[in-house]
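As given, the protein sequences belong to chains F and G, one line each in that order.
The number in my numbering is simply the position in the first sequence, starting from 1, with 34 added.
The number in my numbering is simply the position in the second sequence, starting from 1, with 34 added.
Just so you know, these hints were derived from the structure itself, not from any lab.
Fair warning: there could be bad hints in the mix.
Since the list gives no way to pick out one identical chain from another, each pair is judged satisfied if it fits inside one copy or across any two copies.
[What the hints assert, rightly or not] In silico EDC-like links for lysine to aspartate or glutamate, alpha-carbon gap of 16 Å or less:
id : residue 1 : residue 2
1  : 74        : 178
2  : 74        : 181
3  : 74        : 179
4  : 232       : 346
5  : 270       : 216
6  : 224       : 344
7  : 428       : 445
8  : 280       : 154
9  : 108       : 228
10 : 224       : 66
2 protein chains.
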Amino acid sequence: MINLPETGQKRIVIIGAGFAGITLAQRLMKMDVQVVLIDKNNYHQFQPLFYQVAMSGLEPSSIVFPLRKLFQGKSNVFIRVTEVERVDREKKCLHTPYGHVNYDYLVIGIGADTNFYGNENIQKHAIPMKSVSEALYLRNAILEDYEKALTVQDYDTRQELMDIVIVGGGATGVEVAGALAEMKKYILPKDYHEMNCKEIDIYIIQSGDTLLKGMSAESAIGAEEYLEGLGVIVRKNVRVKDFDGKVVYMNDGSTIRARKVIWAAGITGNKIGGLPEDAVVWGNRIKVNQLNQLEEDPNIFAIGDISYMETEAYEKGHPQVAQVAIQQGKHLAKNLKRIMKGETPSPFVYKDLGSMATIGRNRAVVDLPNYKFKGFFAWTVWLLIHLFQIIGVKNKLFVFINWVWNYFTYDQSLRLIIRTNSGKVEPEEKEKIA
Amino acid sequence: MINLPETGQKRIVIIGAGFAGITLAQRLMKMDVQVVLIDKNNYHQFQPLFYQVAMSGLEPSSIVFPLRKLFQGKSNVFIRVTEVERVDREKKCLHTPYGHVNYDYLVIGIGADTNFYGNENIQKHAIPMKSVSEALYLRNAILEDYEKALTVQDYDTRQELMDIVIVGGGATGVEVAGALAEMKKYILPKDYHEMNCKEIDIYIIQSGDTLLKGMSAESAIGAEEYLEGLGVIVRKNVRVKDFDGKVVYMNDGSTIRARKVIWAAGITGNKIGGLPEDAVVWGNRIKVNQLNQLEEDPNIFAIGDISYMETEAYEKGHPQVAQVAIQQGKHLAKNLKRIMKGETPSPFVYKDLGSMATIGRNRAVVDLPNYKFKGFFAWTVWLLIHLFQIIGVKNKLFVFINWVWNYFTYDQSLRLIIRTNSGKVEPEEKEKIA
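Could you put the whole structure together from the sequences, leaning on the hints where they help?
This is the structure in structure tokens:
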């Protein structure tokens, strides 16, 4: 038993505190229902800025927000930090390590994780960036390798430690590449007077013939020009076939020596047991009708990246982006209200507000539905929209101060290799570089 | 080989980037010498505020500072992030996992770590707080246990998860106890509407008959009154004999059920191999003459917490506090200059500037050499002095904003359980609570 009071209210259980889950919970908390929000973390993460955490530009705490603070004073909201093992649809309950939870309505918003396309080597050696913990891991890996590089005389080994390969030319890949190129240009020469920073190569690998798939051709070309202007080596129409931790093997036979491969090449839905087999479709997404409802079970809904809804405008499902998640969260809140009142719910219609990506200081590309632009103005639009979306006044303030500070000092100052440590475990045996 | 250029300058190797090490390095970097600074972390830590990191009041990044940023642009300073295995005094070199480093002068400033007095159970189960990583670990442990407590119906198990025992009545213990008492009073009731926060007990255990040993009787009594006013259970004249992870056993036969024991009961010098046997004295400190020099080796010096110098005023060595470390760092810089010029170095004389401790908002005790005071004014003095000592303008700014924010909102907002995670390791098997 997970210790929830029986209040006589309908109980709506939401799994996942991403954009979809918290948007829904924030609307439901004002209604006469019991809301149970389950997540494996005690915070909501703002995915679009993970790359700035990895690049030492922001602290994790500036872009995540404690769930309990978000729902402070809402006595009908119950937060449980745990994982869900499986759904029991017959008994209308969930199983967790702490016991079971009954639901009247279940909403699944568990999002997606990195897709390694079944390649175990890549999964073992490459670095994903789908959580703030992974972003911190990447930050530590980059900083540690530069420290190691200083102690190595062999040219090839040093190159391996210094060069970085980014796989995937979507927004994440492009933004990481831009940020790394600026780190190479502005920060490393100041920090490492002993290092020849010109030796650092940054690659971005895109399997298709254009970056930023899904954005306009103008924006894709703009982003590529910006990256090349910053010295990033853009390789298109080539796939990474394998990676053994030291060498990246391409499908065209070429290789790149590098220890760090940042894997931003695709996502796949997170798994949850107990759903009907037919409900899980390609990309591990959960197929829903236009009410975000499982065809097989009217009490179960899926929203956000994990959901797959075919509509006239989106025959292959919606893009897996924050805007869809937020709009589905809002819409489902209204529909649940209607359903509980015995009214007819309305189908979800996605309103595309546009998309954007930033490539270093003063440079971004923006696609609005009817208008495309790039450059300094696009960059300020990118900053403002992201700043506005971050939850919490103090977080906004800290991100803003960090951005202003970094802009004028050309210096991301959070270059810290910090781990959580009980102080009791022996330090892992050091990898010795011959 | 650790890749250091031979410049013809004298090479001074400093092990440890604590208060002593960086104070010395910052003075040496302006001289015509080669400075090699070795630390296992790539940052300097501001110890006096670890407890605020543990209490979710500050981010680690606000109280640590990247070493490379501290020495940016100093081409005679070489930083190496590694551990030192041992000193070879005959060859005048150090051994590290990356190879050896020769020195002309060696300065040891490796500080001290938690002393568990040989009790393996306590070492295994209690939580120390001598690094920012350990402080983060403690933060996570506290937050996780409150989350778990919500899912537990058994009264005793819930108590174990909620109660906290602090061992050691020095400044760290007193400051942690005060901060925990305020968290119980102001924050937890808002975050956990389901929890009866009055069930939380906070204990502080002091083996002697007074808190804040080393401070004045007025301050010790003042601190105790403040703590009791905040509801902390102060137990004096009793020692913790054992702790099995669930029950704390005292030497008077009493017990306390608690899963979290914060161990701030003493320190012991960090170890380094290769020193003469007689040089290492009680508390694992390195015995030095009044020049901070090993009697047995005029090329080796020890400063800060690790050093042990008997003087007329301090017959049993100096207190192991930041002020001594800073003053020894400054003094040794002058002495090394004199020694290299062939002049006579001068003996170190410690100037006690006073000591202080804070116990929650608006309350602190301050002992100046000729004047003692407490209360709100003492608290503002505590804040200003600590703010002033933190390295970096941005760190000062962020700590200041956090303090002002927390003061007016009664809310430490960094209640986040964040780990560094490669995304590839299976989550550790969950401890199941029956």
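Copy assignment of residue 74 with residue 179, given that the CA separation must stay at most 16 Å: between (30 Å within a copy, 14 Å between copies)
Status of residue 178 relative to residue 74 across identical chains (alpha carbons, at most 16 Å): Between copies, since 11 Å is at most 16 Å while 28 Å is not.
Homo-oligomer pair classification [residue 181, residue 74; C-alpha up to 16 Å]: Classified as between: cross-chain Cα gap 11 Å, same-chain 33 Å, threshold 16 Å.
Within, between, both or neither: residue 108, residue 228 at alpha-carbon 16 Å: Answer is between: at 11 Å across copies they meet the 16 Å cutoff, but 56 Å inside does not.
Alpha-carbon proximity between residue 280 and residue 154, which holds within one copy, between copies, both or neither at 16 Å: within (15 Å within a copy, 41 Å between copies)
Status of residue 216 relative to residue 270 across identical chains (alpha carbons, at most 16 Å): neither (21 Å within a copy, 57 Å between copies)
Same-copy or cross-copy closeness of residue 224 to residue 66 [CA-CA at most 16 Å]: neither (58 Å within a copy, 21 Å between copies)
16 Å Cα threshold - placement of residue 346 relative to residue 232: Answer is neither; intra-copy 51 Å and inter-copy 57 Å both fail.
Identical-chain pair category, residue 428 with residue 445, by Cα at 16 Å: between (22 Å within a copy, 12 Å between copies)
Homomeric proximity label, residue 224 with residue 344: Cα distance no greater than 16 Å: neither (52 Å within a copy, 42 Å between copies)
The structure fails to meet hints 4, 5, 6 and 10 from the earlier list, while all remaining hints are met.
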